[in-house]
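Protein chains in written order, with the working numbering: chain A, 1 to 500; chain B, 1 to 500.
Note that identical chains are pooled: a pair holds if it fits in a single copy or bridges any two copies.
DSS-like, lysine-lysine: derived pairs with alpha carbons at most 27 Å apart:
{"no.": "1", "residue 1": "LYS243", "residue 2": "LYS135"}
{"no.": "2", "residue 1": "LYS122", "residue 2": "LYS215"}
{"no.": "3", "residue 1": "LYS467", "residue 2": "LYS151"}
{"no.": "4", "residue 1": "LYS151", "residue 2": "LYS172"}
{"no.": "5", "residue 1": "LYS389", "residue 2": "LYS172"}
{"no.": "6", "residue 1": "LYS151", "residue 2": "LYS135"}
{"no.": "7", "residue 1": "LYS243", "residue 2": "LYS122"}
Please keep in mind that the hints were generated in silico from the structure rather than gathered at the bench.
Protein chains: 2
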Amino acid sequence: MQDAIAALRSLEHKNYAYRYAQSVINFDGETVAPADSAEGRAEAIEVLSRAQFDLLTDPSVDQLLADADAAADSAPDAEQVHAEVRELRRMLRQIRPIPADEYAAYERLTQEALSAWARAKKASDFASFAPWLEKLVEGRRRQAAQIAPDKDPYETLLDQYEPGLTIEKCDKFFDTLRAAIVPLLEAVKTRGSAIRTDFLDQEWPVSGQRALSQKVMELWGLDPSHCVLAESEHPFTDGFYSKDVRITTHYMPRDVLSNLYSVAHEGGHALYELHVDPRLDYTILSGGASMGLHESQSRLFENLVGRSRGCIRLLWPTLKQLFPSQLEGVTEEELYRAANRAEPGLIRTEADELTYCLHIMVRYELEKALIHGELAVADLPAAWNARYKEYLGLDVPDDARGVLQDIHWSQGNFGYFPSYALGSAYGAQAMADLEKTIDFDAMYAAGDLAPLRQELTRRLWHYGNLKETGWLVESLCGGPFDPQYYVDYLTSKYTELYNL
Amino acid sequence: MQDAIAALRSLEHKNYAYRYAQSVINFDGETVAPADSAEGRAEAIEVLSRAQFDLLTDPSVDQLLADADAAADSAPDAEQVHAEVRELRRMLRQIRPIPADEYAAYERLTQEALSAWARAKKASDFASFAPWLEKLVEGRRRQAAQIAPDKDPYETLLDQYEPGLTIEKCDKFFDTLRAAIVPLLEAVKTRGSAIRTDFLDQEWPVSGQRALSQKVMELWGLDPSHCVLAESEHPFTDGFYSKDVRITTHYMPRDVLSNLYSVAHEGGHALYELHVDPRLDYTILSGGASMGLHESQSRLFENLVGRSRGCIRLLWPTLKQLFPSQLEGVTEEELYRAANRAEPGLIRTEADELTYCLHIMVRYELEKALIHGELAVADLPAAWNARYKEYLGLDVPDDARGVLQDIHWSQGNFGYFPSYALGSAYGAQAMADLEKTIDFDAMYAAGDLAPLRQELTRRLWHYGNLKETGWLVESLCGGPFDPQYYVDYLTSKYTELYNL
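Model the full assembly from the supplied sequences, consistent with the hints where possible.
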């Protein structure tokens with residue numbers, strides 16, 4: 001019977017190697033590869049993704065899974081084996097219905113489209129990216145129909161990022177947020193106390209910003225022997241396994257907060273990946289679980305930790321030392337307020353907590369309409385701009401700061417965006433529960449986030465994909481998910497901040 | 001018949017993808033990967049190298065090769081198809097005799113050993129690396145016996161880096177060099193004019209050194225959209241395909257020449273890779289040919305170009321601008337002489353042209369003895385140190401600057417080192433021939449190396465592996481290989497430099 005489990009592990013080990021290779025190729029492509037080298041990457045990715053597909057969809061795998069599942073109960077790690085079988089079967093449901101050639105061609109397409117997107121964004125030229133986006137949308141819609149012919153295709157995609165998520169749940173969730181955020185933002189605009197921001201737009205030397213990144217990584221507790229920071233156009237995290245996690249940032253010479261909160265955000269993702277139980281390395285269960293759970297950790301470290309008074313107090317001496325002239329005459333409280341100000345902006349990744357979910361709603365509505373075939377790619381920029389006007393009151397000056405700003409669609413990721421809002425809400429609820437047992441003021445005063453890391457490890461991180469998403473959400477939040485915690489958090493925070 | 005060629009190309013395309021993945025993983029591992037992440041890399045490399053092995057050694061491949069070879073004559077690119085078959089058969093002769101598990105385990109071993117070597121070098125602790133080196137030697141010896149049971153195992157390895165190279169040829173070649181170099185070096189020591197070197201050992205800011213690297217890359221004509229420079233412990237080049245080539249360097253704050261000539265050297269490798277005919281991309285023929293030919297280009301650009309008076313004149317304004325205080329009171333001629341001085345040193349990669357081959361001879365003799373089983377790994381440091389005393393007159397102060405200095409053995413590369421000396425000799429002969437048609441003085445005065453690049457492209461670069469090594473050596477050199485050109489070059493250069 002142990003042979004069946006050994007065969008399962010061997011399959012997962014091979015799957016790990018293909019995933020690892022593709023992760024390194026992607027990471028390299030977005031960080032150090034020369035600008036004009038996408039073709040060679042696409043050629044390699046097509047072959048490797050096809051090999052991985054063939055490995056997992058081989059007809060022999062069904063018997064292998066059945067045998068391992070049967071053998072699990074007499075194994076010392078029964079729960080883990082059952083979970084491995086469960087997650088492999090979930091993956092098989094998502095890829096086996098897709099013809100092998102189509103699967104590999106789509107993976108290749110995402111490499112080429114990513115490169116086309118980067119060029120289009122640079123030139124703010126949506127037209128050059130449109131043909132790629134059409135293929136990306138069309139391909140995902142076809143895959144969704146192959147996977148679940150009778151299901152709404154967008155819902156099939158949502159489920160891949162957040163198992164169990166539906167359009168109905170999304171709509172209800174976003175309605176709840178909208179009902180709270182819109183009047184709150186209106187109140188901030190009409191009767192909020194002014195927040196000083198004059199000192200933000202100035203030259204913040206990149207060398208100082210690099211030193212600040214290191215300080216944040218140190219404070220978060222990211223072990224440099226297992227986690228490195230690189231630079232890319234769009235910040236991201238990739239966990240190769242629990243001992244090798246990469247995060248990236250993007251330095252903007254006139255904006256110190258952009259990099260600071262990129263590192264804070266990606267650092268949250270990285271902590272999650274680094275703390276997954278090493279027993280799960282090289283299995284399908286390694287790495288973080290759903291994208292909502294992943295974003296709950298990144299958004300928690302970005303906002304609930306990184307934008308807290310306690311954390312800004314902790315970072316203040318470093319900031320004053322690195323940027324003495326820039327922060328001349330600025331108080332710690334003024335920095336706190338500036339870092340938390342609510343101000344409709346064009347760029348999602350630089351949005352404050354209050355307006356952030358409005359950016360997500362724009363993307364949710366548009367990608368749903370694209371996949372449903374209700375919105376043509378050619379009409380996307382106009383639809384984007386109209387929603388930014390309606391939701392955020394802003395005119396979008398160009399597509400680089402509009403519809404081309406995010407990397408996700410160029411990688412074929414439709415259905416990912418709601419995870420950010422959902423994760424933000426998971427995080428707020430978790431924080432409300434964590435505050436019952438962790439003395440955050442004392443933790444920040446001591447300058448060591450270990451109590452928070454220990455508790456998040458216990459509730460979420462160390463499980464990897466061992467448990468189902470729903471179970472993990474409850475474990476993290478300390479109870480069934482309820483978006484009211486997030487609404488209450490935003491209301492309370494912005495009422496205090498703006499003296500509403 | 002075209003189907004047979006399509007099947008051949010499909011096989012090569014898959015082989016490319018596995019090679020690409022392993023190259024990116026290696027490059028990443030030596031440049032940006034966190035320090036303690038070798039285990040995950042080794043796990044992935046083992047699976048990927050095994051998959052590549054299985055792909056190439058599948059019994060069906062013999063028929064595929066026979067069919068493609070038969071179909072070649074009626075194909076428009078007959079020569080290329082025949083060459084693809086030839087090179088695949090050469091590769092099969094080198095890997096098929098090795099049991100698949102042993103092959104993959106050795107690839108895994110090189111990953112782990114590389115990491116162990118890096119730690120050992122840092123701590124100058126040979127003992128911690130010795131068990132790895134024992135496995136590396138033992139494994140290669142066994143593989144050589146599997147590949148060619150009746151042949152000298154070291155000769156089997158030599159042939160993998162330089163097809164056709166034998167111990168007899170090596171011995172004769174090194175005897176020729178020794179007979180010229182030893183008296184020349186003795187003459188330099190006893191009656192050479194003094195060369196000023198006092199200005200070399202000072203602080204050369206790394207920011208300035210980085211700018212110098214860019215200048216060299218620009219001058220060499222390395223297109224940044226296809227070639228990037230990274231940093232690693234040991235400088236190297238890896239060509240992923242003709243549109244994506246990586247070079248690395250290592251900055252030493254108190255040595256401006258180390259990085260300068262590392263970039264010059266790796267830049268020569270990169271030019272070769274970048275100029276291979278793109279028709280050969282994704283086939284077994286892509287990339288440079290033998291390692292001797294590869295080193296001929298790196299050593300040519302490092303020494304015959306980079307250390308020439310014309311090139312130093314070209315770089316002089318940049319150097320004066322980047323390092324005004326460091327070069328205060330130093331003349332262009334003094335820099336030229338310092339960069340060319342003959343001075344026995346401990347480190348091969350920083351050796352001058354005259355002593356360089358003595359470093360190679362040490363390695364050649366020792367690795368041959370290791371593979372022959374005539375030298376135990378435990379006795380290697382003492383043997384190394386004894387030879388440095390004998391050949392270079394130096395006491396080796398520690399293993400970091402001794403037997404641990406080079407990366408090659410930790411990657412299982414035994415039989416590679418002679419390529420450096422052979423390549424240096426190919427390059428000197430080629431240069432003697434190139435000078436008949438290229439006006440180097442005019443070329444340096446114009447500041448554009450295009451005439452040299454064009455001629456090397458025509459003679460060597462664009463062929464990739466289309467032609468056999470022997471043919472390429474003659475094409476490059478303008479006649480049959482004769483080490484006397486190298487001896488004459490060294491004699492003439494150092495006689496002039498030291499007024500002998």
